[in-house]
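Chemist: Hints in hand, dock the two standalone chains.
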Amino acid sequence: MKEQSINSNKKLGLGARIGDELRRNFVLYLMAIPVLAYFVLFCYLPMFGIVIAFQDFNLAKGVFGSPWAGMYGFENFYRFFTGKLFWPVIKNTLLISFYEILFSFPAPIIFALMLNEIKNLKYKKIVQTVTYLPHFISMVVICSMIIRFLDEDGIITSFISLFTGTRKNYMIEPGAFRTIFIGSGIWQGVGWSSIIYISALSSIDQELYEAAVIDGAGKWKQVVHITIPGIASTIIILFIMRMGQVLSVGYEKIILLQNSYTKSVSRVISSYVYERGLGEGNDVSFSSAVGILQSLVNIIFLTVTNTISKKVTDSGLF
Amino acid sequence: MVYKPSIGERVFNVFNILFMAVMIFICLYPFWYCVTCSLSKNIVGNTASLMLLPKGFSLAAYKKVLADPLILTGYKVTIFTVVVATVLNLIFTTLAAFLLTRRDFALRNFITWTMLITLYFSGGMIPTYIVYTQFLGLENSLLALILPGLISVYNTIVMRTNFEGIPRSLEESVKVDGGNDMHVLWHIIVPLSKAVISVMVLFYGVSHWNAWFNALLYIRDRDKIPLQLALRAILIQEQVNTGEGAVDSMGIAENIKFATIIVATLPILCVYPFIQKYFVKGVMIGAVKG
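Heads up: the protein sequence lines correspond to chains L and S, in order. Mapping to my numbering: the first sequence position 152 is 152, numbers consecutive. Mapping to my numbering: the second sequence position 136 is 454, numbers consecutive.
Chain S extracted, bound-state conformation (with noise of 0.2 Å):
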């Protein structure tokens, strides 16, 4: 059957295939504009024109960048945070699924249900924070930005789901072997979930890595602050401090601002084209059971 588009549908579709152009255009150039101001000699301020190419080519922000001492913790900071607490998430989740997909397990429902309250219900900023900080002694502790979060619910029903694919069959024969489900987990379900365990990787690695808001509740000491939380102190507290009348920025002041965005940035944007097929993967996942 042969389709005949009307005038007004070709309309469309030539608007729409430009209004997509536009939306890469906003989505890419805004980072794009970042490298080139980065990179650029002496620009006064911000410039006034689309930036394409960097205004004569200097490294002199990224070498001030890269000696500033608060980025360099951070970043050893920020590194060790997400290499443990994604490694403790990955386990902790995989349990937490796991679990969920034990149908003659007496615990099963109990727990599904201590999961599912905690997306309705919260302590709240405040309360949490005392319990915390009184109870817990997370106080100005790295722990602090490791151990809450440390099961995502959302993710382990993801991950649940995708167990739930695996066929029985498979894990009866470890069970004949007299296996425990230890084995069935660590032989069987393991194993056949490359796929869904690397989105959880990424999908808690990247929440790590941008993680700012618990490092301002607890964080005390200079030399524990993560990468999000100095780049707040270098771009944006500094802003409100400009905000309030006095003019700063010089030229190269300007680019080293820019320069530690891309800085802090790039790792994400190196990996982000590798990676983006896991995360739409994961939100299907998700999209398809919620």
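One chain only, chain L, in its complex shape (with noise of 0.2 Å):
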């Protein structure tokens, strides 16, 4: 009635509206039909499962039927918050995110910086299309070289003992680990990476670098004074989105590199998840509720890293 009231001063109900809507846009409902219906079903369902992270989940009584979890249903995360993996956990998933973000972020900006810098289109071309190559390699066989490349007579141990003069299978040195995931995770994506920054840097205005020359400026000058800053809108804006992915360190290359030498320091969030959920536990409304803690940390730090973005430098996500 009140909806009714409201829309009455324009020409037609909103009962006649909605039919007229229907009629003129009929084909597009039905087009509208499966979209929705795979964005509910895939999407917005598994969403209501998290229900099982406040239960006592039991497979044989399903998620209507599984009692509550104690301490008001959050038994779950108390069990996790003082779980002797705790710290670890959280340890090893903050320092490979850490380490990411120091050298695993920079690196595709240097190097669209330097590739912005050669000369030669064609020589250009070749280095791109041979960087972008091991982003489009599958994990599963990514892992398997690296495995291979690192064990005890791997080709990267064997250059590696020219200058120790010693060989080990890195892949079960707990030490090594983390400088393997995240060099490897460099040469996979430093090249694709790239290509984000290299559009950014082709819509620099060419004439800022002809009036910087007139007025004497050296090449490192023109990268300081204009690439840099016409690049840096887009710096930020991955790095609060990067920010946003604090705790999801990767769990696919976790899991497939990951062996029971290296765990402890190779279990992070993610892949605790998985392995207390599905892979040797069947713990499921316990990984739930970690997985859960891992988004709210993430949305938490990503709104910290925009507004702080937004007070500095004036621009964010949202």
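No lab work stands behind these hints, which were simulated from the structure alone. Some hints could be false.
[What the hints assert, rightly or not] Computed cross-link-like contacts, SDA-like style, restricted to lysine to any residue with a CA-CA straight-line distance of at most 20 Å:
no., chain 1, residue 1, chain 2, residue 2
1, L, K221, S, I325
2, S, K595, L, Q128
3, L, K168, L, V51
4, S, K493, S, A513
5, L, K253, S, I593
6, L, K119, S, E327
[What the hints assert, rightly or not] Computed from the model, here is a short list of chain S residues facing chain L with C-beta under 7 Å:
no., residue
7, E327
8, W350
9, G441
10, I444
11, I448
12, P466
13, D499
14, L520
15, G523
16, V524
17, F531
18, Q546
19, L549
20, I579
21, I586
22, V589
Glycine included, each C-beta is placed from N, C-alpha and C at the ideal position.
Modeler: This is the structure we're talking about:
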């Protein structure tokens, strides 16, 4: 009734307008059905699945029949906080994430800047084509190559032994895991991730450089005063997005590379969720709770970085 | 205006060119190394030297790999999933992208938000697993490799951006002739979007070819295991056992592992040089918009 009265000053009533819209865009509504059905079934329905984090989930009883967890439903969270793996898992995750932000994040920026200085276009094109390649090779193949190359008689081990004189299987060295994980990650991603910076670089006004040359600015000054400010907004946006994934270290690669020797350093939150929920354990409620905490912390990091960035640089994601 | 580079600059330029040459080497050589090792006769373990050509020549490793039932079913399952899933991806993504370009469609904003929210919120691995297996019946079904990820929001945005570049006047002519939106999509939009559609075929196709994790979660039967999961069983889990003390690697076994890597990667390595320009194009469209 109320809606009717609001719309009554318009030409048609609400019902008539809905009817008109349905008739006019009938085909579009038909098209929207499969699209929305996909998102509801495969994306939104699983979101309601998080109730199992507050339950003592039991496969036989199902989502509707399982009893609520103790401590007003928060027992699973409490078990994670007080469990003996809590601190090691948090520490491993944050360390890998920290080193990724320190090394893997700037690598494509530096690479794009260097590539931008290559004047021979044909050479530049070849370099780009070739450095994108590792991005398209499957994670399973990449990881099995890493494992082959770094075992006791692998080719990288052989190369290192030229300097150290000793050989060992680096894949079972806990001290080497982070270096391998992050180093190979840079190798896989540096070319592909640089595309977005290269496209940002190409949109910088070339007249700025000509003006700088007339003013007598050298190459270095041009980079500092024109190039970097020109791609700064891209860098900031990507940095904020990266900060929103602080606790999401890629589990696929962790699971493929880790073994019983390196679990003490390679067990991160996301791989722990898999391990406890489906891999070795069967504690789906517990690992759902851990998963929720991970998403919560990620959202907090995303928001905080975005707020700081808006205050300091005036640009943000939202 | 003639610009005269300083000495420092010239040193940098030389260094830069050499550095890029090193990049080319470290991105290509690992794959070439796998090829040479897989073709070599009797290498005991990996060899220490930089191998540029195979030592001896033998196809024995490939014969063994191609006779492996795990690899053969893996190939079949993967080709099936890649084809079916990519076709479905294309249909659904095109529909979604098209809906987002219809400005007079009342649900347009609703659909936009429905999609954007999923970029930031999801059920997470375990709740998703429970819902898919308990309510959607995806356990041990090839549909588990096909249906999740049917519409990638990122790809939809790339496609929509492309559709919006098509002049409105073209579709007016269809509407004047009494055609509806389906006619617009099929007779105007799709024929004019061949480039972006091929980008989508490649994006989706490669991701299905490389996928393994959903198979690990949902597939139980041996005859439904896709190639990448079979590779993991052959190449990585075996390695973990080696890590636990046993010395297993005789020369021939080592060759087989490298041959397996090549057999699984060759399709991508072969088409890569031809398709990479499309990939870059696809990302550029997204980058400009995003």
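Chemist: Take the hints in turn and mark each one as holding or not.
Modeler: Results for each hint:
In summary, the hint linking K221 (chain L) to I325 (chain S) is supported, as the alpha carbons are separated by about 15 Å, within the 20 Å threshold. Taken as a hint, the K595 (chain S) and Q128 (chain L) pair is honoured in the structure, with Cα atoms around 10 Å apart against an allowance of 20 Å. Of the supplied pair hints, the one linking K168 (chain L) and V51 (chain L) is violated, its CA atoms being roughly 47 Å apart against a limit of 20 Å. A C-alpha spacing of about 25 Å is found between K493 (chain S) and A513 (chain S), which places the hinted pair above 20 Å, so the restraint is violated.
For the proposed pair K253 (chain L) and I593 (chain S), the alpha carbon gap of about 26 Å is over 20 Å, so the pair is violated. The suggested pairing of K119 (chain L) with E327 (chain S) holds, with an alpha-carbon distance near 13 Å, which does not exceed 20 Å. For E327 (chain S), the suggested interface contact is upheld, since its CB lies about 5 Å from the closest CB of chain L, less than 7 Å. Given hint, W350 (chain S) at the interface with chain L, is violated; its Cβ is 11 Å from that chain's nearest Cβ, farther than 7 Å.
Nearest Cβ of chain L to the Cβ of G441 (chain S): about 3 Å, under the 7 Å cut. The hint holds. Interface restraint check for I444 (chain S): the shortest CB-CB distance to chain L comes to about 4 Å, inside 7 Å, so the restraint holds. With 7 Å as the threshold, the beta carbon of I448 (chain S) comes within range of chain L, its nearest partner Cβ sitting at about 5 Å, so the hint holds. Using the Cβ-Cβ criterion of 7 Å, the hint placing P466 (chain S) at the interface with chain L is satisfied: the shortest such distance is roughly 6 Å.
Given hint, D499 (chain S) at the interface with chain L, holds; its Cβ is 4 Å from that chain's nearest Cβ, closer than 7 Å. Using the Cβ-Cβ criterion of 7 Å, the hint placing L520 (chain S) at the interface with chain L is not satisfied: the shortest such distance is roughly 9 Å. Interface hint at G523 (chain S): violated, since its Cβ lies 11 Å from the closest Cβ of chain L, which is beyond the 7 Å cut-off. Hint on V524 (chain S) holds. Least Cβ distance to chain L is approximately 6 Å, under the 7 Å limit.
The criterion of a C-beta within 7 Å of any C-beta in chain L is met by F531 (chain S), whose closest approach is roughly 6 Å, and the hint holds. Nearest Cβ of chain L to the Cβ of Q546 (chain S): about 5 Å, under the 7 Å cut. The hint holds. A least Cβ separation of about 5 Å between L549 (chain S) and chain L falls short of the 7 Å threshold, and the interface hint therefore holds. At its closest, the beta carbon of I579 (chain S) sits 6 Å from a beta carbon of chain L; the interface hint therefore holds under the 7 Å criterion.
Among the interface hints, the one on I586 (chain S) holds; its C-beta lies about 6 Å from the nearest C-beta in chain L, closer than the 7 Å criterion. Using the Cβ-Cβ criterion of 7 Å, the hint placing V589 (chain S) at the interface with chain L is not satisfied: the shortest such distance is roughly 10 Å.
Comparing the model with each numbered hint stated earlier shows that hints 3, 4, 5, 8, 14, 15, 22 do not hold.
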